[in-house]
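Q: Just so you know, the sequences run in chain order A and B. Using the numbering used here, you'd call the opening residue of the first sequence number 1 and step up by one each time. Using the numbering used here, you'd call the opening residue of the second sequence number 1 and step up by one each time.
Be aware that a few hints might be false.
[Said to hold, decoys possible] Interface residues of chain B toward chain A, partial, derived using beta-carbon atoms under 10 Å:
#1 D71
#2 S121
#3 E123
#4 I124
No lab work stands behind these hints: they were computed from the structure. The C-beta atom is built at its ideal place from N, Cα and C for all residues, glycine as well.
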Amino acid sequence: MKTAIQPDEMGFYGEFGGAFVPELLRPNIEELTRAFRTAQDDKSFQADYLSLLKDYVGRPTPLYYSSKLSDTHGCAIYLKREDLNHTGAHKINNTIGQILLAKSMGKQTIVAETGAGQHGVATATTCALMDMECIVFMGEVDMARQAPNVQRMEFLGAKVIPAKSGSRTLKDATNEAIRFWINHPDAYYLIGSVVGPHPYPEMVAYFQSIISEEIQSQLKEKTGSSSPTKVIACVGGGSNAAGAFYHFYENEDVELIAVEAAGKGLNSGESAATSILGTPGVLHGSMTLLMQDAYGQVTEPYSISAGLDYPGIGPLHAHSIQTGRTKSISVSDEQALSAAKNLSRNEGILPALESAHALAALEQIELSPSDIVVVNLSGRGDKDLSTYLQHSSK
Amino acid sequence: MNTFKKSHKQLSIFVTAGYPNLESLPEQLSLLEAKGVDFVEVGIPFSDPMADGPTIQKTSDIALKNGMNLDRLFDQLREYNSNLPVVLMGYLNPVLAYGIDRFLSLCKEVGVSSVILPDMSLEIYERFYQTTFHEYEITPCFLITPSTSTERIATIAKTCRNSFVYLVSSNATTGENISFGQDQKKRFERIRSACGETPLFMGFGIDSKEKVDFVHEVCDGAIIGSAYLKALEHGNEITFLESLQTHEQA
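For reference, chain A alone in the conformation it holds in the complex:
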């Protein structure tokens, strides 16, 4: 595996990224950076990682040609089926990579944050597999909203600790996980998205890059060309998008479309469209686009999808959107719900609410018959069934 987009030596993608961490975390960050660089060049690490992805996670995930979506939109549409990974989402690609790394560093405790619980479940799963102690911080509000995932994590042996500070959601769970790491430098902090201080954005993107690597070879097999014309992925922090875009960043012929959650509308005050509503700022250790008030206090985003309501965005996305390489569009709750229903009824695939945002983007962009579009179906929708039922009865 080769890294396609690299931040500078301080972790900056243009003006975004870096490691804005207190001195207390400096040794942890340095230790992690060294271990990650070693792992990147370590053939046996790579072999272990790929073998687990194949035999345990079930990779490669299919690249499915959707004839119905293709007919509807008048071009070729493929779905990258990350929903078929073990635990039901792309998150496990990263937890396998990072927990292998933690093992190589001699760590015994993994601490993670989770919003909807998908990263938490993937972490708890991988910790069970690799005999690691697992501590997951989750906002008290999210624990109530996503109770089945809390039970899943606990059944897998993880300790789930409610984050009771601030707005008691993902950003606060992240603060608590960072505080835990400050107080327990021997633990390994496993960030679930392409956010946080350098080297996390680079590292999470690297472990998710298997998605675009597979898209290339699968598309080559199916069409004779390894390049689609468009890749579409939803973005909260942006880990599935980073993975789906990764090997295409340097190929300007491939249009990269990041889909954010507009929530109830961009101007409704209840939105999570960070790249449109955000301004540059520092949160969780990196400079990025951030939803904040005039005094730099971070505001609570809203989306019907618990995986997209993060007030920031990965710094590589902030940079790529700002430079025009990635196009960002936003999709409302209603549009995402409708796309989820259509895919369920027409293809028999129940997508996660997050992934439904990427699907809904097909309605918003201009498509021509020569287009070959890949939509990254980042996760399955079982966790969202009650939301779907609630809204379809309306």
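Since the structure of chain A is already known, use the hints to place chain B on it.
A: Just chain B now, kept in the frame of chain A:
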């Protein structure tokens, strides 16, 4: 000339601006000055204070709900006219949102002695903000920990020669319980010597006269935050300050 002295057994107290009430800061400064505190660290409240323990987080939340912001903070500092040195401490984001030039020019105008932004590392400072700090003649203060290398301490001390070096007592967020022993004493002495002429203050987890006395044996001053805010919450801040007071005043 440096406001912060070498070898003077100083005491500093941290208060969160806007806590417990929006207008509390001037009366707090007045009380702390009357009780002989050497300088005050004034916390700028932030929605996501990742290096702070529960006590400071809570005061930060309350201060924000009270409506504290940098405009009001500078107004209060401008109105409180005294010789008590003030150090502003906070996270980088509110400062950046306010505008680093505007922030530093107001710091200079109201006579702020130094600025501590824990998530602005030395490297980030040198790459992005040093020129602006120099322009307004404000020297920031940087944190070090007991595990920071001697070489790095010396570099930081050189950068902070017109302010001070802030030694975090242990690898922990603010307000965590700590204890001191002989081996720490040796380590702290090594750190102090690496600081050269730059004053060294210790904070995080200092909550009693006993700990202040220990700190004074190995550093130039002690900084108390969470313990004072807890006393303030319960209305016994005066008793708490008096309990610290038998230390030799410089």
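Q: Hints the structure violates: just list their numbers, smallest first.
A: The structure breaks none of the hints.
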